[in-house]
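All chains, full assembly: derive it from the sequences and hints.
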Amino acid sequence: MSSLLWILPLVPIVVGLAMLGVKDRRLLNLLDVASTSTIGVLVWVVARAVMQAGSLRAVKTFYADAVTVVFLGLIALLSVTTAIYTIGWMRREVASGGMAERRLPKYFALTQAFIATMLITVLADNLGLLWITMEATTITSALLVGFRRDSDGLEAAWKYIIVTTIGISFGLFGTVLVYAAAAHAGASEGAMNFTTIAAMASQLDPNIVRIGFIFILIGYGTKAGLAPMHMWLPDAHSQAPTPVSALLSGALIKCALFGIIRFHTIAIGACGPGFSGHLLLLFGIISVVAATPFILTQQNFKRLLGYHSVEHVGIIALGLGIGGPLGTYAALLHVINHGVTKALVFFVAGDAIDRYKTHTMDKIRGFIRAAPYAGTFLMLGAFSLAGTPPFSIFVSELLVLKAGLAGRYYVVIAIFLLMVIAIFAGLIHHAGKMAFGEPDPAVPRGGEPASGVLAMSMLVVVMIGLGLMIPPVLDTIFTRAVEVTLGH
Amino acid sequence: MSLDLAAHLIDIIGAFLLITMIVILEAGDLYRAIYTMAVQSVFIALAGAVLGAATHNTDLWVIAGLTLVVKVFVLPWLLLRVIHRMRIHHKIEPLIPVTATLAIAAAIVMLAFYLSSSLVSLKQVITGNALPIGIALMLIGILVMMSRRTALMQMVGLFASENGIFFTAMAISQGMPLIIEIGVTLDVILGALVMGVIILRVKSSIGSDIADLDQLKG
Amino acid sequence: MSIGGLWIMLGAYGAGAAVSILGSRWGNATRVLGHVALFLGALAGLALAIQRLTGGALQTAIHVELPHLFPFANLVLTLDGLSAFFLLIVSIVTIAAAIYGPAYLKAHSGSSPAVEVLGINIFVASMALVLCAGDAMTFLLAWEGMTLASYVLVVSEGKESNTRAGLIYMIMAHAGTALLMVVFLTLAVHAGSFDFAAIRTAAAALSGTERSVLFFLALVGLGAKAGVVPLHIWLPQAHPAAPSHASALMSGVMLKMAIYGILRLGLDLLAPATGPLPPSWGWIVLALGAISAIIGVLYALQQHDLKRLLAFHSVENVGIILMGVGMAMLLAHRGGVADALAALGLAAALLHTLNHAAFKGLLFLCAGVVQTATHILNMEELGGLARRMPWTAWLFLIGAVAISALPPLNGFVSEWMTFQTLILASAYLRSGSGLAVIAVAAALALTGGLAAACFVKAFGVTFLGRPRSTHAAEAVEGAPSMLAGMVLLATVCVVIGIMPGYAMVFLDSPVMRLLGGVGPSQLVTARGPLVLLASGSPGTGTAVSMTAAAVLLGVVALVAWIVVVWPRTLARRREPTWTCGMAPQSRFDYTATAFAKPLRFIFALLYQPKRTVRKKTGSTPYVLSQLHWQSDVVDLALVHFYNHIQAGVTRVANAIRQRSTGRIHDYIGFVLITLLITLLVFGRG
Amino acid sequence: MDPTLTRWIWPLVQTALLVLLGPLVTGLIQKMKARLQCRRGAGILQPYRDLLKLLRKGTVQSDTSGSFFRVVPVLVLGATCAAATLVPVFFAPGTAGYASLLPLGDALLLAGWFALARFLTAIAALDAGGAFGGMGASREMTVATLVEPALILVIFSVAIVAGTTDLRVIAGHPVGMRGSFGAADLLALFAMLILLLAETGRIPVDNPDTHLELTMLHEGMLLEHSGPGLGCLVLAHHIKQIVLIAFVQALFFPWKAATATSHALIMGLGAFLLGTLALSVFLAIVESSYAKLRFFNLPQFLSISLLSSFLAVALRLL
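Chains as they are written, first to last, in our numbering: chain A, 1 to 488; chain B, 1 to 218; chain C, 1 to 685; chain D, 1 to 318.
Be careful, since some hints might not be right.
Cross-link-like lysine-lysine pairs, in silico, DSS-like; alpha carbons within 25 Å at most [as the list claims (entries may be wrong)]:
no.	chain 1	residue 1	chain 2	residue 2
1	D	K33	D	K57
2	C	K610	C	K597
3	A	K106	B	K91
4	D	K292	D	K57
5	C	K597	D	K292
6	C	K159	A	K357
7	C	K159	A	K363
Treat the hints as calculated values from the structure; they're not laboratory data.
Structural data, given as structure tokens:
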């Protein structure tokens, strides 16, 4: 059973290598869907096992607990839906000449590698391995960001790889410090393993851990898109091919958060909940505030979504920072909710952009008329991102709010609410203008690929489902995850 | 070799590392920057060797060798190839005046010492200033990246600052586990390759230095 | 029956929403089925409410546990007297709207039937859920559901203007909800549960200031929904944009959800366990009421779009309702006379809530018929409709008389009760506060006068005189089903107007639920249902019999008709109207603008009217060949507050966005500097 | 006499009295004005003759006007008569107001009836579709909006003390409640007299006997009416006038018979007739000694009454 943990990332790697030899688009799509859905199934099994055993471990460095399961679930869900969406999307791209037939294998292989690296990141117990794979995600995804090889794409890729690598190297430094702290606290065997360090967190030298955590927060925070280290994010997420954007925004930045959460746990153990919590709170609110003006006056659809990711990462950090069982619960829940919604909206954006041949939102009109499904999903997604029920994000934001009020962070909450309302205004303004009205006759109507609609509907179902209820299973997972995070 | 001798040597090496870093920082010429980076890496390798000798930790020897191969030969060679392929003039125009950068570097060094003065427990491992120098190296490396225009200097700065991390790792905890070190080095090489590819692609398609692109904003 | 009724109602609405999956292919089927479901649901709701209201005032609330959806909150439905009364209102208007709807939508095929049916069913269902909510979570979910569904209805036609209206509506509503969330979550934190029961006990433990802060936060949040000035700006834009029967529901019913919220929070959840409420609550609500009433009607006077005019009148009437609520809050639990007066005031407010739902619903439906017949809502282009669509005209007249608070219709009754409360209260309070109350009474009187003027204009200019456009000239009467829905509401207006005593029974359980003591049926109809009684202490007070009054009017008018006007013995000629000898034409008619001009002058301070006159003279400067005259008034709140905010925010945002250079060196710099600062600040313990 | 019978009888008797005397008061005022202007003037019974004539004439109706136009006059008359039943003339058994089987006498309802009458008249005026009707309606409604609050305040200034707005109670307890005729009453009376001018449509607010379009308010609305319909409206106007006069007396000179003894009744009737005469004189003098105000000066004029009535209330409360 526990061997699944290393089989899981092996699946996409193998498939990816196989893909390099395949030329046919349909077959590639098939392989893509097959591997991702296999991942889905395996994740399901792993989750069940973890729920029974509490945690799983394989070959000393692969480890899965409730937190891992949360992130695994998100990655699996998004990979599957993205794979399905890619079918229709890729057909359009190839038809419109946006993607050369011969480069398809490379694209799909890279995607698989990307997914594999993300999987290992959240499965790694060894913090060094976590760092290595995190860097690997940067490299693979950077290639995908620049895949179109046009000037903007390459610029975005360059900014992305340079800035995040810097961040990551900070992360490495932090890791080293914590490792040193652990080593000196007397951990000889597996002094780099999260489980070991977390177990002995209370004996670590708080001063080292403090500096270490700062490096980690800034470093991995850069990759997670926390302001003010976020500036590469809108560039990269707006330039990447749509399915990749969905994965970047939905899953990848969450992996960086996973890293932060791991060290957060250690920091809580070493220097008490106050320190790391307050830092997260600070950067959370900064991110929310920093994202607002760019969302309000944004013209580029995908950049808008990028800045939205910044805001929502901020909200997650806010939840973690407010802390306590409730705040952490809210944060973890928000990880899932935002991932799902953001992927959905990126899918919609892809459709809109292909349809209207533009990124500027002012030129997009009457989307509902042009593409009934995508248009409706656009409004649903917008309202969900804006935090209205019955969509999932409302629930997690509600919980963040409640935790904040319970913690008497009145000022933070006030700022948070102001920004959320402003962002709401901006978002509904943009979405409404795009969705309603009459599209100009040049715009093709209907003809939405079934695969795309299917992928989006899957996400919508999850989005609304989680908005209307949190099934007991999920609740237990999250509660466990909270315990792990808070180090009980 | 006894521990305190090792500590003494490490101290000296640290000093050299700082010096090389400052040379990189105010280097007005790509070639010089790259060669200095190589030299700096030699010192890293040396540090590894010294520690290895001192602590009889064979891993450290391997790490030292690895550093020697990768940082001293592979990466510089890669950078030089890129320069060659790009056929760019190898003068470096700074975005921030060199004096200013030096001042900032000084500030960074002081910050590094200020910080590490609180880390009492680590002092016992290796006497001397390994940790503050490591921090300083890393941060100054980033400073190089932000203060020099060409993309290649950014790569140089990145590797230099990674040197800082390696140095710290060795100094305060006799390096990370071997397998991790290898993985990290692998990442560095891969990253370097990808960066090089991107740089060349931009040069060939747009004909400009990628670090100058600022189309995406707001 | 009770719980079953609840499920039947919700089930029917759900079914109605589900119908929408039929989609636009079978458009008419979707419309009809969806509205049939709506009708049935409303019927169930009506039965439930009536059964709940008449089944003895103090019976325990219906209490239903919903499935355990969220781990942190268990959802509960409770239906007590207060909820039941508002459910009654929802159901009545919904029934009319459901009868009216299909034919109207068939005529306006602007949007997809699926969306409309889905929207309206969920809209009504969520309103019912807001009322039945037994815990904060359900309340918030239903509250936002209500907003979202109504937003869908507003934008359903997909025109640019609708989108804009919907945007402003959504922003205001969402900001309001955010405040409500803060209030309820704070309470939930203290209570350790979202349950209203737990919250009630927890709130009692809070300090006075905490409770006041929470109440005022909630008041702002709910005020945004109720359209209280200056939070009203969305209302006149959003309500007209929706399909007319949806407008009727929004204006007639949805605003009342906010009233319900104010009552629920102010007099129930947040009210101190014993003793009176903080006076500031009552006074501020009273002040808001007075301001909203006057501003609302004043702006209504200057509107020439029929539905906008009606929307502004909703602001006015919410103000009138708030006056009663304010009095109730001011006097509640002070003992003796005050209690009786509080009950009277609350009864007045609740009755006016019901009345406004009836006549405002009726008026919006009439406006819908006009829109259907002419595709015009601008009064200046209408006129002379009375002869082509007499039913609509008469029904509109009934609504107009009712909303102008003229006897013998229902509007007068509730305003009469409000007046009586105010005067008796001022006599009870004496001194400064008494005078303040009298000032409110004067405001109410002014409001009444202005409303009358406004509806003389609205009715006269729209339905009388000559048609001022071909559309108006070719108008045809609305479909029977539409008229049926209107007749229903008109009947409510007339019945409550002539026999208000019978309505008092329904007010008992809400009033006693909130204030304890004796209900209106003992206070107001102590002398039987035919006589209304307003008295603080027994033996004094004022009695009036609307029934007798109505009979008097009828008898005299009938006699006069039979004796004087009706006899055919006298010659009767028809001649053109006297226009000083010129051939009369439609341009001689008094327009809405002209009609409102005197008031525009008198209240120029508020309107800041702008007029532009462009004269084009012919050969000599003394001969005008063409004269262009344009005048418009501004909404002070909009011009002096909201526009500034919007402009300011945009300016700041743009300024910040311009700063971003997009140079990678800056990106790196930010990362580095952030790290350095953080290390410097937090690096050492 | 059988008490239940009296309950029914007295209101009707008093109403009938008001309806019958209505035109007479107008005639009286016209006569006095004529005298003051050194004219002989028509006999004081002239209004009756006019009415009879109108009722016997045929009607000429504007071809644009519809069913409303014909129905409105009788409704207006009905509303005015209904209002007339509410004001005590000479008999006001104090306790009757609250407990009486048929509670007639609420001042607010009185105001309501007048408002309804005005509302309907204005609508009928718009139905004809001429500029005069519209202008009249617009101005009448404007004046009304300014009059209403003052009227309410006057009523309240008295009602606060009485604890009721029932005129029969107010008029029924002359001394018991208000003690002597105080400053508050004086202010309120002053305000009420201004309102009397406004509501009866007399100079300086309105000019009852001109059809110059620039000056007329009420007359403008009647312009298109003719025959019986016009008759109803004119009669309604007469009645409204005397009802208001009676209203003033009920509020401020409540010398009514409290019991149904013949002596008291005669006293009450005498008091009423004297009061009516006095107020008619007042109206006549004011009309012939003032000029009509410009329409846009009316707000200031009426605000005087608003202010003084508010002060009256203040005096009562503070």
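Quiz prompt | Hint check against the structure, violated hint numbers in rising order | solution = Result: hints 1, 3 and 4 break, sorted rising.
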